[in-house]
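Engineer: All chains should be built: construct the whole structure from the sequences, respecting the hints.
One-letter residues, chain by chain:
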Amino acid sequence: MREWIDAATALVVLSNLRLLGTSRLLACVRIVAVQGILLALLPLLSHAGDLTLRVALQATASMITKGIVFPWLLTRAVRGADVRRELDPIVGYTPSLLIGGALLGVALWLGWRLPLPGSTGSQFLIAVSLYTIMVGLFMIVARRMAITQVLGYLVMENGIYTFGLAFAEKEPLLVEMGILLDVFVAVFVMGIMIYNINREFDHIDTDRLSELKG
Amino acid sequence: MSTAAILHVAAAVLLAPLLQGTMSRTKAVFAGRRGQPLLQLYYDVWKLLGKGAVYSRSATWLLRAGPSVGLAAVSTALLFVPFAGVRALAAFSGDLVLFAYLLGLMRFFTVLAALDTGSSFEGMGASREVAFSALAEPALLLGLAALARRAGGFSLSDCYGAVRLFDFGPSGGLPLLLIGSAFFVVYLAENARIPFDDPDTHLELTMIHEVMVLDHGGPDLAIVQYAAALKHWVLGALVTGILLPVRTGRVAIDFAAALGAMFLLAVATGCVESTMARVRLTRAPQLLVSATVLSGLGLMLILR
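Residue numbers (my numbering), protein chains in the order written: chain A, 1 to 214; chain B, 215 to 518.
Do not take every clue at face value.
To be verified - Here's a subset of chain A near chain B, in silico, CB distances under 8 Å, partners left out:
| id | residue |
| --- | --- |
| 1 | Val13 |
| 2 | Leu103 |
| 3 | Leu104 |
To be verified - On the chain B side, residues computed to face chain A include the following (Cβ under 10 Å):
| id | residue |
| --- | --- |
| 4 | Gly387 |
| 5 | Leu392 |
| 6 | Val486 |
| 7 | Met490 |
| 8 | Ala491 |
| 9 | Val493 |
| 10 | Leu495 |
| 11 | Thr496 |
| 12 | Arg497 |
| 13 | Gln500 |
| 14 | Val503 |
| 15 | Val507 |
| 16 | Leu508 |
| 17 | Arg518 |
Claimed, not checked - Here are the computed distance ranges between Cβ atoms for each label pair:
| id | chain 1 | residue 1 | chain 2 | residue 2 | range |
| --- | --- | --- | --- | --- | --- |
| 18 | A | Trp4 | B | Gly246 | 20 to 28 Å |
| 19 | B | Thr462 | A | Ala102 | 37 to 45 Å |
| 20 | B | Gly366 | A | Pro89 | 36 to 44 Å |
| 21 | B | Leu379 | A | Thr206 | 46 to 54 Å |
In case anyone wonders, no lab produced these hints; they're calculated from the structure. Using N, Cα and C, we set each Cβ at its ideal position, and we do this for glycine too.
Structural biologist: Here it is as structure tokens:
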């Protein structure tokens with residue numbers, strides 16, 4: 001099972017890198033969806049021997065929200081805004097990839113240096129969760145489009161979820177569901193916001209939103 | 215120094231042009247053509263060797279030295295490549311750095327010969343070649359560093375001797391897959407194949423390797439083409455050594471399997487070329503950076 005967990009976490013790292021390197025918005029949405037599903041699989045893999053109904057339920061709930069509902073909402077927003085790709089990000093795609101590689105090094109170093117009390121998961125899982133949080137933050141800072149910033153927010157939430165996974169064997173159901181609901185509402189609101197911003201201003205470039213109209 | 219290692223060098227010297235024949239045959243099958251003979255490169259080399267050489271009056275000895283130094287460098291590199299789990303003819307601690315820089319020497323002299331002619335096209339090709347290989351080198355060296363750390367020895371033979379098929383331990387499987395795919399990208403880039411360069415095109419604006427050898431003719435061109443085929447073999451052996459390491463313990467079976475893997479790689483390259491388009495020149499560095507990151511990730515997984 002350990003190998004499968006390692007493979008899933010490495011795929012999460014690769015999905016982060018792919019996210020940093022691609023400019024197509026629909027592809028980005030799909031990558032984040034795949035990442036969400038991979039992360040939802042992790043508790044199932046680590047509890048493969050003693051699978052309880054609660055773990056299965058939690059995994060299914062997060063798989064449905066992150067793998068189906070969010071992509072659907074965001075795909076709708078992308079289609080509604082009629083943009084296919086982000087052409088002029090603040091940090092270009094090749095530098096983003098290089099920064100992503102450097103961040104991975106930092107995250108792994110931090111993961112080694114940060115032996116958390118009560119941590120049950122592997123140090124690698126902690127490093128990957130830190131990395132995912134960093135990539136999410138970087139996406140929010142380095143991209144102009146509202147859509148990619150929402151995706152960055154989602155990736156960051158994925159990272160926090162992974163951190164919880166590494167930290168506590170079983171997260172309280174209420175906390176987990178609360179977080180999931182929060183994220184759901186946030187993405188829901190942001191999806192509608194993007195649609196409305198686009199209808200009002202004919203673009204979703206957040207840099208140009210700082211100027212007042214008229 | 216074992217018989218198998220000598221056999222590998224002999225096989226590489228004899229069969230390297232056949233790899234390219236396999237690639238172009240695969241592409242022909244994909245396109246529904248009959249394609250050129252499998253032995254076309256042998257015929258080409260033979261024909262070119264019978265011709266006389268023509269040199270530009272404005273070029274210096276660099277143009278003449280380029281092909282020979284390239285062939286010498288890549289043949290020396292071949293001596294360090296382990297094949298089928300058998301130690302290479304020459305192996306010492308640290309030879310992986312020498313290996314990387316022998317390939318670098320070959321590239322350097324190709325570039326010098328191209329610049330020596332003073333043609334603007336060749337200068338353009340040289341600049342692209344240098345830019346791409348500067349990005350491919352970290353991917354190769356990081357991957358080799360990971361393998362060296364894994365095997366606990368700084369020789370290519372040590373590194374590849376420790377690779378096993380179906381090794382799903384903590385430092386096998388996944389990191390090896392990552393490094394193997396990074397090496398495959400390096401192999402495509404260094405040998406000027408699609409998606410980095412189209413070996414079939416003769417359009418000056420898109421060529422990289424082809425454009426640098428425009429002024430070579432006769433025996434020089436034969437040497438350039440043969441050296442390119444050998445480079446294919448050398449880098450291909452690095453890729454197949456990671457992705458398809460068959461180790462049964464019987465040298466004959468291992469050797470046959472490794473040879474089969476080389477031709478499988480040639481077919482795979484042909485498939486990649488038939489199904490993919492060349493990426494835009496500005497996107498190619500991004501692919502190479504991704505390969506570097508893959509190698510780096512493999513290294514970190516092994517270091518952990």
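Engineer: If a hint holds in the structure, say so; if it doesn't, say that too.
Structural biologist: Consistency of the hints with the structure:
no.: 1; hint: Val13; result: holds (6 Å)
no.: 2; hint: Leu103; result: violated (11 Å)
no.: 3; hint: Leu104; result: holds (7 Å)
no.: 4; hint: Gly387; result: holds (6 Å)
no.: 5; hint: Leu392; result: holds (7 Å)
no.: 6; hint: Val486; result: violated (19 Å)
no.: 7; hint: Met490; result: violated (17 Å)
no.: 8; hint: Ala491; result: violated (16 Å)
no.: 9; hint: Val493; result: violated (12 Å)
no.: 10; hint: Leu495; result: violated (13 Å)
no.: 11; hint: Thr496; result: holds (9 Å)
no.: 12; hint: Arg497; result: holds (9 Å)
no.: 13; hint: Gln500; result: holds (5 Å)
no.: 14; hint: Val503; result: holds (5 Å)
no.: 15; hint: Val507; result: holds (4 Å)
no.: 16; hint: Leu508; result: holds (8 Å)
no.: 17; hint: Arg518; result: holds (6 Å)
no.: 18; hint: A/Trp4 with B/Gly246: 20 to 28 Å; result: violated (42 Å)
no.: 19; hint: B/Thr462 with A/Ala102: 37 to 45 Å; result: holds (42 Å)
no.: 20; hint: B/Gly366 with A/Pro89: 36 to 44 Å; result: holds (43 Å)
no.: 21; hint: B/Leu379 with A/Thr206: 46 to 54 Å; result: holds (50 Å)
In summary, the structure is inconsistent with hints 2, 6, 7, 8, 9, 10 and 18 from the numbered list given earlier, while agreeing with the others.
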